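Undergrad: The lines below spell out each chain.
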Amino acid sequence: MTPTPSTPLFSKARRALLLGLFASVCVAALPRPAQADTLADITKAGVLRVAVPQDFPPFGSIGADMAPQGLDIDVAALMAKRMGVKLQLVPVSSTNRVPYLQTRKVDLIISSLGKNPEREKVLDFSEAYAPFYNGVFGPADMPVKSAADLAGKTVGVTRGAVEDLELSKIAPANATIKRYEDNNATISAFLSGQVQLIATGNVVAAALIAKHAPKAPETKFLIKNSPCFIGMNKDEPALQAKVNAILAEAKKDGALNSLSIKWLLRPLPAQL
Amino acid sequence: MAYQFDFLSVLDYTDVLLKGIAVTAQLTLTGGVLGVAVAIFGAWARTQGPAWLRAIVGAYVEMIRNTPFLIQLFFIFFGLPSLGVQLPEMVAASLAMVINLGAYSTEIIRAGLAATPRGQFEAGASLAMSPLQVFRHVVLRPALQKIWPALSSQIVIVMLGSAVCSQIAAQDLTYAANFIQGRNFRAFEVYLVSTVIYLLLALLLRQLLRGVGRQLFARRAR
Amino acid sequence: MIDFTLWDIVRNLLLAARWTVLLSLVAFVGGGVVGLLVLLMRTSKRPFLRRATWAYIEIFQGTPLLMQLFLAFFGLALFGVDVPAWLAAGVALTLWTAAFLAEIWRGCVEAIPRGQWEASGSLAMSYVQQMRHVILPQAMRIAVAPTVGFGVQVIKGTALASIIGFTELSKAGTMIVNASFQPFTVYAAVALMYFALCWPLSQASKLLERKFHAAHRH
Chain A
1 MTPTPSTPLF
11 SKARRALLLG
21 LFASVCVAAL
31 PRPAQADTLA
41 DITKAGVLRV
51 AVPQDFPPFG
61 SIGADMAPQG
71 LDIDVAALMA
81 KRMGVKLQLV
91 PVSSTNRVPY
101 LQTRKVDLII
111 SSLGKNPERE
121 KVLDFSEAYA
131 PFYNGVFGPA
141 DMPVKSAADL
151 AGKTVGVTRG
161 AVEDLELSKI
171 APANATIKRY
181 EDNNATISAF
191 LSGQVQLIAT
201 GNVVAAALIA
211 KHAPKAPETK
221 FLIKNSPCFI
231 GMNKDEPALQ
241 AKVNAILAEA
251 KKDGALNSLS
261 IKWLLRPLPA
271 QL
Chain B
1 MAYQFDFLSV
11 LDYTDVLLKG
21 IAVTAQLTLT
31 GGVLGVAVAI
41 FGAWARTQGP
51 AWLRAIVGAY
61 VEMIRNTPFL
71 IQLFFIFFGL
81 PSLGVQLPEM
91 VAASLAMVIN
101 LGAYSTEIIR
111 AGLAATPRGQ
121 FEAGASLAMS
131 PLQVFRHVVL
141 RPALQKIWPA
151 LSSQIVIVML
161 GSAVCSQIAA
171 QDLTYAANFI
181 QGRNFRAFEV
191 YLVSTVIYLL
201 LALLLRQLLR
211 GVGRQLFARR
221 AR
Chain C
1 MIDFTLWDIV
11 RNLLLAARWT
21 VLLSLVAFVG
31 GGVVGLLVLL
41 MRTSKRPFLR
51 RATWAYIEIF
61 QGTPLLMQLF
71 LAFFGLALFG
81 VDVPAWLAAG
91 VALTLWTAAF
101 LAEIWRGCVE
111 AIPRGQWEAS
121 GSLAMSYVQQ
131 MRHVILPQAM
141 RIAVAPTVGF
151 GVQVIKGTAL
161 ASIIGFTELS
171 KAGTMIVNAS
181 FQPFTVYAAV
191 ALMYFALCWP
201 LSQASKLLER
211 KFHAAHRH
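Protein chains in written order, with the working numbering: chain A, 1 to 272; chain B, 1 to 222; chain C, 1 to 218.
Where hints are given, some of them may not hold.
[What the hints assert, rightly or not] Partial chain C-side listing against chain A, Cβ under 7 Å, derived:
hint, residue
1, N12
2, L14
3, W117
4, T174
5, S202
[To be verified] Output of the computed footprint for chain A on chain C, the stretches with three or more beta carbons under 8 Å from beta carbons of chain A:
hint, stretch
6, 153-165
7, 176-183
[What the hints assert, rightly or not] Just so you have them, the derived chain C footprint on chain A, three or more residues with Cβ under 8 Å:
hint, stretch
8, 182-188
9, 258-266
None of these hints come from the bench; they were simulated from the model.
From a predicted model like this one, the values you see are computed outputs, not experimental measurements.
Note that the Cβ used here is the ideal one computed from N, Cα and C, for glycine as well.
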């Protein structure tokens, strides 16, 4: 707020400043010591920290009392219970859930996370625990039946979500894709008419219809079946084995199936 | 496994960053020019307008200065459609910036006018100039010259504040950073690079405004 | 799903507003302490300290607060520090506040006539003693109004913490908008609450400005 009127643009001082910034960035690029075993850390601390969505019903949303609820929250609770530790829910958005895991703010991501090659470079995945069909949805009177019909229309999508990546591949060049920072903003944009269509999960659209949203998102076409996986950091064989073991057990004794019926209103598909 | 920094991966997305810079520049230009125009009108209204206009402008200034820009932006973009006013994100972002800069600058220009010696007004009146003519031809330019540094600072502040427009998917530099980070998962590297770019943009903008000030007020340089 | 009445909306927003107030206080107090240190270094006789703090102030005043929040959030965590959103927001806002307060106060210190420095120097006072007993008490009178005025900026700055996921007033607003489908009402309510927090401070600042007649003293 107090400019120095007589300092030239690239004065010695400013050059030194930028050089200093560059130097500190180089120092910061030095490698760090390796991390310990996360499963051991979880058991020792007695707490499992899980990244969950809070703007994506029925996987994660808030009720009128501002408490989180949803399929992912219940799966997280199941994980913690069967590991014998306490649960700490960490609400995240689609855009920051992977950075949260990478910077070890959370141990697991249970946030309707889909698997794809870019993510497999930085994360490991468990077995699938819930189905998830991505699609494009819009008002009943909008004539869209396939990706080609998106020409000249606006579609809202949450940045970084699987729908974003898939849609970017199949949408025609003159379709306008607007990417929002989190599902809240994407849904807001659709409901306020700022975008004509929304690319999201089928159950999310169903939840909006069930809530009697002012604009009912009817299914236009489905993009992909991209089931939900639990995400964790790479090189964590003990954690991955434990998570898969708990999921297998929950599938066998029907716990996961009842969660699916409760939140997705249908039983778990056979291939899971 | 240790976190290995990877700044080179950001370079793959240079075109996205350049587009972001262009949009930030566009928003700043629109916001700056129209915002100052609004402020000149607002300052005139507050000092010489009728009482009802003074009250309205006063209320506008207080509302904007005491609420966050983010909320003003969300209100325009997500709230107005409920009243049937649907603005695409560039229009909404530009409007929010104009309204925001306008409010702050109204006060700044008003301070400049208040510091104008009464003699100027009286001299103009004695030459049979109407109050509006006096405003336009006699007092406005010296007032602007006086407060130009403060006004320039405010424009830079609003340019930096434009980062928030990424939240309604206006494709500015912050949106570009978020986009790249979502594709290559290199959040820290991308944000650091973008921050340095913003710093350079702020420096450039300050220089530019200084140059504009020199051009506009050259004849009256003291 | 449950229907949101106007009271539900207002109640939930008020609960979230507590966090806005808390974060603002932390940033303002923390920023004040750090800002004082920065001020002392900025006005010290050692060129290295002056340049280092000049750089710090240039960076924090010349970059968007949103970027500072992102860097605090993602950056600190990379260096092994586990940083929840409220802590990252607190750190970033504190550093940002400190930069601005230091500059505001520097302006006030520099408005003190050189004669005061010379007189206290001739009494063999050290720099710190001069600041503590002679300069700062006088500068503080001038500084009160703009400092209180900056408090308004701090409160508005906390709104950006919503973007890194901290559930304060703005974040609560966006969440409730999608649960209640009433964006106009909710954002109007959010704006009014911020106004209720900020406007008294703005008015206090104006009052103090007039009372201490600061700008016209010299």
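Undergrad: The structure should be examined with respect to each hint, and the outcome stated for every one.
TA: Taking the hints in turn, this is what the structure says about them:
no., hint, in the structure
1, N12, "6 Å, holds"
2, L14, "12 Å, violated"
3, W117, "20 Å, violated"
4, T174, "5 Å, holds"
5, S202, "17 Å, violated"
6, 153-165, "holds (count 3)"
7, 176-183, "holds (count 5)"
8, 182-188, "holds (count 4)"
9, 258-266, "violated (count 0)"
When held up to the earlier numbered hints, the structure conflicts with 2, 3, 5, 9 and fits the remainder.
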